[in-house]
Structure formats: structure tokens, C-alpha cells
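*Asks:* Following the hints, put chain B in place on chain A, whose structure we already have.
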Amino acid sequence: MVLNSLGRQIPEIFAGKKQIPYSDPWSLQPNAERSTRAIRRINHNGSKLLGSLREAIIATGLKDGMTISTHHSLRNGDHLLNDLVKEIDALGLRDIKIASSSIHIVHAELIPYIRKGTITGLECGVNGLIGELISKGELDCPIIVRSHGGRARALITGEVPVDVAFLAAPCCDEYGNFNGYYGPSACGSLGYAMVDAQHAHKVVAVTDNLVPYPAIPVGIPQTVVDFVVQVPTLGDPKKIVSSTTRVTTDPIGLQIAKYAANVIECSGLMKNGFSFQTGTGGISLSVAEHVRNMMRKDKIKGSFGCGGITGYFVEMLEEGLFEALFDVQCFDLKAVESIGRNRGHQEITAGTYANPFNCGAVVNRLDCVIISATEIDVDFNVNVNTESNGYLLHNTGGHCDVAAGAKLSIVVAPSIRGRLPIVRDAVTTITTPGETVGVIVTERGIAVNDKFPDLKAELIKRRVPVKDIRELRDEIYAITGVPKPLQFEDKIVGLVEYRDGSIIDVIRQVAA
Amino acid sequence: MAENPAYQLRRTLLYVPGNMPSMLQNIPLFQCDGVIIDLEDAVPLSEKDAARILVRRFLENYTERNKEILVRINPLDTKWALDDLKAVLPALPDGIRLPKADTPEIVERLDTLLTEYEEELGLELGRFRILPSIESAQGVINATEISRVTPRLIGLAFGAEDYTASMEIERTKSGEELFNARMNVLWAAKSAGIQAIDTIFSDVNDMDALRRETELIKRLGYTGKCMVNPRQIDVIHDVFAPKQAEVDYALQVIDAIKRAREMGTGVISLKGKMIDAPVVKRAARVLRTAYAHGLVDVIIHEEDIHGAE
Numbered sequence: 001m002v003l004n005s006l007g008r009q010i011p012e013i014f015a016g017k018k019q020i021p022y023s024d025p026w027s028l029q030p031n032a033e034r035s036t037r038a039i040r041r042i043n044h045n046g047s048k049l050l051g052s053l054r055e056a057i058i059a060t061g062l063k064d065g066m067t068i069s070t071h072h073s074l075r076n077g078d079h080l081l082n083d084l085v086k087e088i089d090a091l092g093l094r095d096i097k098i099a100s101s102s103i104h105i106v107h108a109e110l111i112p113y114i115r116k117g118t119i120t121g122l123e124c125g126v127n128g129l130i131g132e133l134i135s136k137g138e139l140d141c142p143i144i145v146r147s148h149g150g151r152a153r154a155l156i157t158g159e160v161p162v163d164v165a166f167l168a169a170p171c172c173d174e175y176g177n178f179n180g181y182y183g184p185s186a187c188g189s190l191g192y193a194m195v196d197a198q199h200a201h202k203v204v205a206v207t208d209n210l211v212p213y214p215a216i217p218v219g220i221p222q223t224v225v226d227f228v229v230q231v232p233t234l235g236d237p238k239k240i241v242s243s244t245t246r247v248t249t250d251p252i253g254l255q256i257a258k259y260a261a262n263v264i265e266c267s268g269l270m271k272n273g274f275s276f277q278t279g280t281g282g283i284s285l286s287v288a289e290h291v292r293n294m295m296r297k298d299k300i301k302g303s304f305g306c307g308g309i310t311g312y313f314v315e316m317l318e319e320g321l322f323e324a325l326f327d328v329q330c331f332d333l334k335a336v337e338s339i340g341r342n343r344g345h346q347e348i349t350a351g352t353y354a355n356p357f358n359c360g361a362v363v364n365r366l367d368c369v370i371i372s373a374t375e376i377d378v379d380f381n382v383n384v385n386t387e388s389n390g391y392l393l394h395n396t397g398g399h400c401d402v403a404a405g406a407k408l409s410i411v412v413a414p415s416i417r418g419r420l421p422i423v424r425d426a427v428t429t430i431t432t433p434g435e436t437v438g439v440i441v442t443e444r445g446i447a448v449n450d451k452f453p454d455l456k457a458e459l460i461k462r463r464v465p466v467k468d469i470r471e472l473r474d475e476i477y478a479i480t481g482v483p484k485p486l487q488f489e490d491k492i493v494g495l496v497e498y499r500d501g502s503i504i505d506v507i508r509q510v511a512a
Numbered sequence: 001m002a003e004n005p006a007y008q009l010r011r012t013l014l015y016v017p018g019n020m021p022s023m024l025q026n027i028p029l030f031q032c033d034g035v036i037i038d039l040e041d042a043v044p045l046s047e048k049d050a051a052r053i054l055v056r057r058f059l060e061n062y063t064e065r066n067k068e069i070l071v072r073i074n075p076l077d078t079k080w081a082l083d084d085l086k087a088v089l090p091a092l093p094d095g096i097r098l099p100k101a102d103t104p105e106i107v108e109r110l111d112t113l114l115t116e117y118e119e120e121l122g123l124e125l126g127r128f129r130i131l132p133s134i135e136s137a138q139g140v141i142n143a144t145e146i147s148r149v150t151p152r153l154i155g156l157a158f159g160a161e162d163y164t165a166s167m168e169i170e171r172t173k174s175g176e177e178l179f180n181a182r183m184n185v186l187w188a189a190k191s192a193g194i195q196a197i198d199t200i201f202s203d204v205n206d207m208d209a210l211r212r213e214t215e216l217i218k219r220l221g222y223t224g225k226c227m228v229n230p231r232q233i234d235v236i237h238d239v240f241a242p243k244q245a246e247v248d249y250a251l252q253v254i255d256a257i258k259r260a261r262e263m264g265t266g267v268i269s270l271k272g273k274m275i276d277a278p279v280v281k282r283a284a285r286v287l288r289t290a291y292a293h294g295l296v297d298v299i300i301h302e303e304d305i306h307g308a309e
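Protein sequences, first through last, are from chains A and B. Residue numbering for the first sequence is 1 to 512, as defined by my numbering. Residue numbering for the second sequence is 1 to 309, as defined by my numbering.
Think of the hints as simulated: they come from the structure by calculation, not from any bench. Some clues are possibly wrong.
Reference excerpt, derived from the structure (chain B facing chain A, CB under 10 Å, subset only) [said to hold, decoys possible]:
| no. | residue |
| --- | --- |
| 1 | ASN19 |
| 2 | MET20 |
| 3 | MET23 |
Each pair of labels, with its calculated beta carbon distance range [claimed, not checked]:
| no. | chain 1 | residue 1 | chain 2 | residue 2 | range |
| --- | --- | --- | --- | --- | --- |
| 4 | B | GLU47 | A | ASN342 | 52 to 62 Å |
| 5 | B | THR63 | A | GLY481 | 12 to 22 Å |
| 6 | A | GLY273 | B | LYS271 | 37 to 47 Å |
| 7 | A | ASN342 | B | ASP255 | 28 to 38 Å |
| 8 | B | MET207 | A | LYS17 | 53 to 63 Å |
| 9 | A | ARG246 | B | PRO28 | 24 to 34 Å |
| 10 | B | GLU168 | A | SER303 | 37 to 47 Å |
| 11 | A | LYS299 | B | VAL298 | 23 to 33 Å |
| 12 | A | GLY273 | B | ALA245 | 26 to 36 Å |
| 13 | B | THR63 | A | GLY137 | 43 to 53 Å |
Here a beta-carbon is modelled for each residue, glycine too, at the ideal position from N, C-alpha and C.
Chain A on its own, in the form it takes in the complex (with noise of 0.2 Å):
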């Protein structure tokens, strides 16, 4: 074991594989080639279609011990990577991992697959179930948990090699052409997707909506499909909605995003080529509206919105507000809807918009992001994986790349949940590194790193309760009490990766 920088035992060895220890956010420097696979040569000028999706498994030469991938565009909607692990158990074969953009609580049903040893392995964090199950002990799969940006870059490094990805394509030809904005599927953009199709080894378009060639616009082309299956459904378009998508009514929501967007007005980056993210929760869009209102009254032109994409994006784009939007995944049917036609609003990879390792990601042009937390600690660390009951319960998506990348970044998050206090000595988990988080927001007051003395100044001079993070932890813990340290057996069952491939924490085994 080492102690990486953030004073967390990092194992050297993990599944097999020479870990490397956090260090900072910004120094790694890998010295190395893009992955590459193998050319091909297709003559035919014929249909790639195959009748199923065993016949595809077969197709691709998966084998035992080979990594497959899906993406989570279809989210909590998506069936495809159930009946995937079915046929490849159906078919005997054993010992596979995933490296998917992230599994969902519907994924659930892969739990008697890994049980089983069909599954071995997830090279992507989780929602839900299984990881609960990891950290209690009760499933014997070991998983690195990455971000948006960091499965990317694993996947374009080849530090996770894809031998197959099976890509839900909404909108597909037979010769493998595809997009996400058309069919009873329709998600928008494919921005995961896209890394897959460049990267893995073979890709195989998985369709419910097979049209007459060519399927356009072309998102994902015929030049890196091999093969396409025509299954009768990809999942459930009802749940392909992201959960959250309307504004919190609750006072103490709304009072955690007005003190948030006083610290976007107090931070002087609300000005004309202003770029912002935010996320679905009720009180990242209530900021989200505090921000449209602002750049109404001040007459602002915004550079560009960016991230996971909501039909408040989409107005305030169709508004003028924004001169782009950067969308990596459509949270809303709205958006869905938007990508189609408005060319304002752009589709870009997961490897464009954050991954660490390139000639810049968009996340580096983000002047202010609004990001969540389970826990916070008084570094300004920031946990969004486990909660304080130490289960991983959440991925991480893109919250330490916008964190890292963004001038500010600010967190939100309610002081207190059910009994337990958010802002803490430590974090169970650290996904985020306190060096690149700018400001706490919690309805008791705001807590600003040292690294931004203007903007605290001017949080005072405007009288918003500004507060050291130690006495804003202490107030809480008025309230709550100290919770009591969770006991944590030896076994490290899981990995953080930091977006660079360091490892920035372990998830360990919950004692009983």
C-alpha cells in the first residue's frame, strides 16, 4: 500500500493491474500512443445486418476473459446490456468485464451474473444495487469507478481495452450508419457512444429502428461499424428521462440556489462569453434560472452551455442566451428533440468534453459549473460516490473533469440529510479534490477556498453569509452531533480513479 497525496492507501497492485497514486490534479503526463485496433477491409457493398444478438456475440469472437462496453445514453430506459450478458451467459462464455459509460439501477438485473462468474468485472463505476452489494461484501466483482473524462481517456489510451462494443444506435442503416435523434429510442446525443466507436476493437450497432441507408445525419459512421442487429426494443423510452428535471419547490433548496447564483454574480464571470454547466437536480436548475434571469436583466451573450443538456439549455440557447450548446448526453426529451435541428447545438464526444488527455477538453473553457455532493470535508473535498453509510451508491459522471476544468466550480448541497451532517471532517470517498473545487454552497451559509479572496470579499460586501468551511461544519455538527467513524473491513473492493488514471481512493468492504 502508498498514501497518495490526499493521504489515502492506494493498493500498488489492483485486479491484477500496477495502480498509480493522486498525486495533483494537473502533472501526470502519460508517455504514450493513442490505442489502436486492427484495419479492416469491407468490399461488400452489402447489408452488415445479423439476425440476433447472439449471432453478433458469435460475429465479434468474444471470448472468455474479453471486456464488452454499452453506453448510458438510454439510462434507466436501457435493456440492452441485460439481454447482452444473457446471451453471452446463454452462450457459456465466462469471465468478461464491462467497461460501459455507466450502469444504472436497471442494470440489477446483471447480479446473478456476476454471482455466477459470467461477469468479473467493471471497469466503470455504478448506480445502485450492485455497487451497494460490492461494498457490503456480498458481490465478488472488483470495480474502478472513472469519470466521463477518465473512461475516455482509458478507453483512448488503451489502458481499457474494448474487444467489443455494442452500441444502441436509435437511428440505424444496414450498413451501420447511425445517430441518436430520431425513433422510439431517440436519446439524443451519442457522445459516449462515439469513444466506443473509434476505440473498441469491434463495434456492433444495436438497433429497434433499422431505416433505409443512409441514416442521417450520419452521428456514428459506417467506416467503424462492423456489424448491426436489429432487436425488436432497445428499453424503455419512457425512463430514458433523466429522474430530476423540474425546479425544487422546497425553501431550503431554493435558498442554496440563490446563495449559488449570488456567487456567480459576485464572481465577475457573468459577463458576455459567459459558459456555464449544471446539472438535472431540482436545485442545479433553480440556479439554472437564477442564471437565465441574470443574463436577461444584464442583456449578457453567453459563449456556450455544456454538459448533460436539459430543455432549460434548449430555451435559453433558442433564447439567444447562448451562442452553442456542447451536449455530451440529452437529459430531457426537449433536448432530444433540439439536437435534431438546431445546429447551435452541437454533439461532442466524451473525449471532447473532458477527457485530461488531449490538446484541451471543452470542460477547460467552462468559466462556472454547479456540481452535488454527498459529503464535503474541510478541505473542500468532495465525495459524490458513497454515502455516509460507505455504500457506492453513485458514478460519478463528469464531476471532477468540470471541476477541474472550470474557472469556478461550485458545489450544492443541503447542510443536513435525514440526521446526518454533509459538511464533515472527512469524506467516506474522495472523488473530487478539494484543490479544484471553488465554493460551498449550503442554505447555512457558503464556504469559499482560499484560492478566491476577490470572491469572498465581495460575498461579504453583499452580505451573503460567508463562512469558514470549519465553523460552517461546526454549526452543523451542533445540530447533528459527530457521527460515529463507519468500520470498514480490510478488503478494498473498488477503485476511485482520478481523471488522469491516479487513483484518488478505495472503496473498502462495509463491516457488518
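*Replies:* Leaving out everything else, chain B in the frame of chain A:
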């Protein structure tokens, strides 16, 4: 809190039900100028006892007060009112919101009771303030007399819901039916040198109508408004926020009067206009409001308004 209660900002007074612990514990967090913890209409008959105890405990533990705290007791002619006072006064609220203050006698009675409690608790006489609710035709007619009953009064609060009920009319969003009553309460308050606080606006989803009503009552001369939901705070504060030009002018006025005093006079001309006590008072109010909005850094002291003795 400002030194002179007449300048205490009361733009937003939020009603918080006295029987709801989850809402009481958020009182320190809201950015309203004051709260009115309700033991009256919000509390069902079966919970009157429980609410009283809860409010007392909450106030005892709320040691770092960051806003004005009023408690709305039950009307003095009910069997709960005395118990309400007995329970909450030892926990030191800033004052009592008195419902159904229809006559000067009712307010006098509360005044006497408060004096007795102050003596019993060893407090400064006049510590507990009163904000009477003018919420019936009778109250509106008696407003002028009510406003002069006791120096404990911080203002008169107009209550439109009960008022319209007493008039047997419907309350509308445009509020023409309230106009005369609103003006009468306002005249009474202003003539007694106390604040006039407007009624609640009950549709928490109609922010545009709330804004229109707040703009109206601000133009008339009301200095604040009661609220039923914290979501209404921002709109009301926004309406009461001084415009930059007002702030700039007020700063010039204070500066001019200071120069005047240095020259030994209480009157001076600023850009051809005479600056004297009423102008200075208005400027001071603008700057105190501006300070609360974070628009200026200067704190206006009594000395700046009236000059040193």
C-alpha cells in the same frame, strides 16, 4: 438590529406555524427581516398546548437571533391567550402579534399584561413590542386610536383575509376592495410615527401578482409585508430594494448634512434643493435598506440623522 426601532427593517415578516418543528428549525436560515411564529390560525385546537411548548423550547435554543421574532398569540378573548403569553414570554420573543385588535381597549389590555410579565421577569419595561392586526371593519375604523395606545407598538399590520370576511366580500388579486381600509391603516400608522405592514398574499405560485401588490403598497407608504411562504421573500425584497440613483442621492444628502453640521447649521442646499431633517430621514431609510441589500457599506447612525447633542 438598528438602534431605533422606527428604522428596523420589516420588509418581510414570515408566518411560521408554531406546531411544525421542521419549519421552526429553519427560521434562522431564511433571509426575511422577521418571523411571526403562529399559535393562532395555523395551529389546530388539539395542538395548542403542544405548539406552545415547542415554540418556547425553540426560542430558548435560538440564542443567536438574526431576525426579529414575533409570536402571534390567540385572540385575547379566547381561553388560550394567557397561556400563550405565559409560555412564550420567558423565552424572550421581540414582540407579540395581536390578532383581532379591533379596539384600543384590547391593545391596552395586552399592554398591561406585558408590563406585568416584564416586572415579573425583571425585564426593562416596554421590552416586548406589539404589532396589532387590523383585520375587521371595526379595527379599520378604530385604527387611529389603536395606533396611539402604547409606545410598545412597532406598527399596524393590515390583515386582509379576516377583513374581507368581516366585510362579507371576496378578496381579489387586484385588491380594489381593500383600498380604503389599506389607506386608513396607513394614515393611522404614519400619523403615530409607526410602521404600516401590509397583509399576506396567499397565492404562492403567482409571483407576478405578488410583485404588483407589493409595488402598490410600497408606493402607498407601507414598509413591509407579511408572508406565508419563504419563496415570497425575494420578490418583496426586490421591490423594496432602493434603485442605484436613490442610493447615490441619499449618500450625497448624508454627506451634505454632515458638512452643514460642521458649519454649524442644520440646513444646507444640495444642487439647488434644500436639505433638512425630513430629507435626511428619508435618505437614512434608503441607506439602511440599501445596507440590508448589500448595496452600500456605510452604516447610518442616529447621530448622522439628528446630529450629535
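*Asks:* Does each hint fit the structure? Answer for all of them.
*Replies:* Evaluated hints:
This hint is violated: ASN19(B) has a C-beta 18 Å from the nearest C-beta of chain A, more than the 10 Å allowed. Interface hint at MET20(B): violated, since its Cβ lies 13 Å from the closest Cβ of chain A, which is beyond the 10 Å cut-off. Below 10 Å, beta-carbon pairs count as interface contacts, and MET23(B) has one with chain A at about 9 Å; its hint therefore holds. For the pair GLU47(B) and ASN342(A), the beta carbons lie near 55 Å from each other, so the given range of 52 to 62 Å is met.
A hinted range of 12 to 22 Å holds for the C-beta pair THR63(B) and GLY481(A), which are about 18 Å apart. Distance hint check for GLY273(A) and LYS271(B): the Cβ-Cβ separation is about 39 Å, which falls inside the suggested range of 37 to 47 Å. The hint said 28 to 38 Å for the Cβ distance between ASN342(A) and ASP255(B), and at roughly 54 Å that hint is violated. Taken as a hint, the range 53 to 63 Å holds for the pair MET207(B) and LYS17(A), whose Cβ atoms sit roughly 56 Å apart.
Separation of ARG246(A) from PRO28(B) is about 28 Å and conforms to the stated range, judged on CB atoms against 24 to 34 Å. Between GLU168(B) and SER303(A) the C-beta distance comes to about 59 Å, which lies outside the given range of 37 to 47 Å. For the pair LYS299(A) and VAL298(B), the supplied restraint of 23 to 33 Å holds, since their beta-carbon distance comes to about 30 Å. A C-beta distance of roughly 29 Å is found between GLY273(A) and ALA245(B), which places it inside the suggested range of 26 to 36 Å.
Between THR63(B) and GLY137(A) the beta carbon distance is about 46 Å. The supplied range of 43 to 53 Å therefore holds.
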